[in-house]
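With chain A held as given, fit chain B onto it using these hints.
Protein sequences, first through last, are from chains A and B. At position 41 of the first sequence the residue is numbered 41 (the numbering used here), and the sequence of numbers has no breaks. At position 21 of the second sequence the residue is numbered 21 (the numbering used here), and the sequence of numbers has no breaks.
For the record, the hints were derived by calculation from the structure and aren't laboratory data. A hint or two may mislead.
When chains are identical, the list treats them as one kind, so a pair holds in a single copy or across two.
Said to hold, decoys possible - With a cut-off of at most 25 Å between alpha-carbon atoms, the simulated SDA-like pairs for lysine to any residue come out as follows:
| no. | residue 1 | residue 2 |
| --- | --- | --- |
| 1 | Lys69 | His37 |
| 2 | Lys39 | Arg24 |
| 3 | Lys69 | Glu18 |
| 4 | Lys48 | Pro61 |
| 5 | Lys64 | Leu47 |
| 6 | Lys48 | His37 |
| 7 | Lys39 | Ala72 |
| 8 | Lys20 | Ser73 |
There are 2 protein chains.
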Amino acid sequence: MSIPGMGVEPRCRCSGTESKRIGRLIESVELFPPNPHCKETEIIATLKNTGQEICLDTTAPWVKKVIEKIMASRSP
Amino acid sequence: MSIPGMGVEPRCRCSGTESKRIGRLIESVELFPPNPHCKETEIIATLKNTGQEICLDTTAPWVKKVIEKIMASRSP
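Next up, chain A with everything else stripped away, as it sits in the complex (with noise of 0.2 Å):
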């Protein structure tokens, strides 16, 4: 699976990642934890309309609320 700014397997997945604020595109977010591949938490971004999946930088405070807001939306 080869996704624009990021390594190809067995490397990390990500070799870059988005900065700015792209929060109300995000249509998914996927969580890689470390593994033996790869030592670093990657996260990344399925875009609304186009599809397209980009590294987030998981240092990012904007990432880190993303996440928490979607698991706060979880409560019906």
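Only chain B this time, still in chain A's reference frame:
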């Protein structure tokens, strides 16, 4: 994309969730906030080895812990 335990587009992806604690088997977790097709937040885990995708109970404390742990492991 048809995943066991999951509805067919354009409704919700998940029709049932895994109750067993499978944290250690998880390779990645994808978070889907509510959207026009599905008013529920959905959390889908991809398992190590098999790559199987499984819907997780968004209200289960252990699921929240899995996500918090991934987020906490992000700072190098």
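Copy assignment of Lys69 with His37, given that the CA separation must stay at most 25 Å = Between. Shortest inter-copy distance 19 Å satisfies the 25 Å Cα cut-off; intra-copy 29 Å does not.
Evaluate Lys48 and Pro61 at a C-alpha cut-off of 25 Å and name the case that applies: within, between, both or neither.
-> within (21 Å within a copy, 29 Å between copies)
Go through the copies and call it for Lys64 and Leu47: within, between, both or neither, with a Cα cutoff of 25 Å.
-> Both. Shortest intra-copy (17 Å) and inter-copy (23 Å) distances satisfy the 25 Å Cα cut-off.
Up to 25 Å CA-CA - Glu18 versus Lys69, copy category | both (19 Å within a copy, 22 Å between copies)
Lys48 and His37: within-copy, between-copy, both or neither at 25 Å Cα = between (29 Å within a copy, 13 Å between copies)
For Lys39 vs Ala72, is the C-alpha pair at or below 25 Å within one copy, between two copies, both, or neither?
-> Between copies only: 13 Å across chains, 28 Å inside a chain, cut-off 25 Å.
Quick one: Lys39 to Arg24, C-alpha cut-off 25 Å, is that within a copy, between copies, both, or neither?
-> Classified as between; 17 Å across copies, 29 Å inside a copy.
Evaluate Lys20 and Ser73 at a C-alpha cut-off of 25 Å and name the case that applies: within, between, both or neither.
-> both (23 Å within a copy, 23 Å between copies)
Checked against the numbered hints given earlier, the structure satisfies every one of them.
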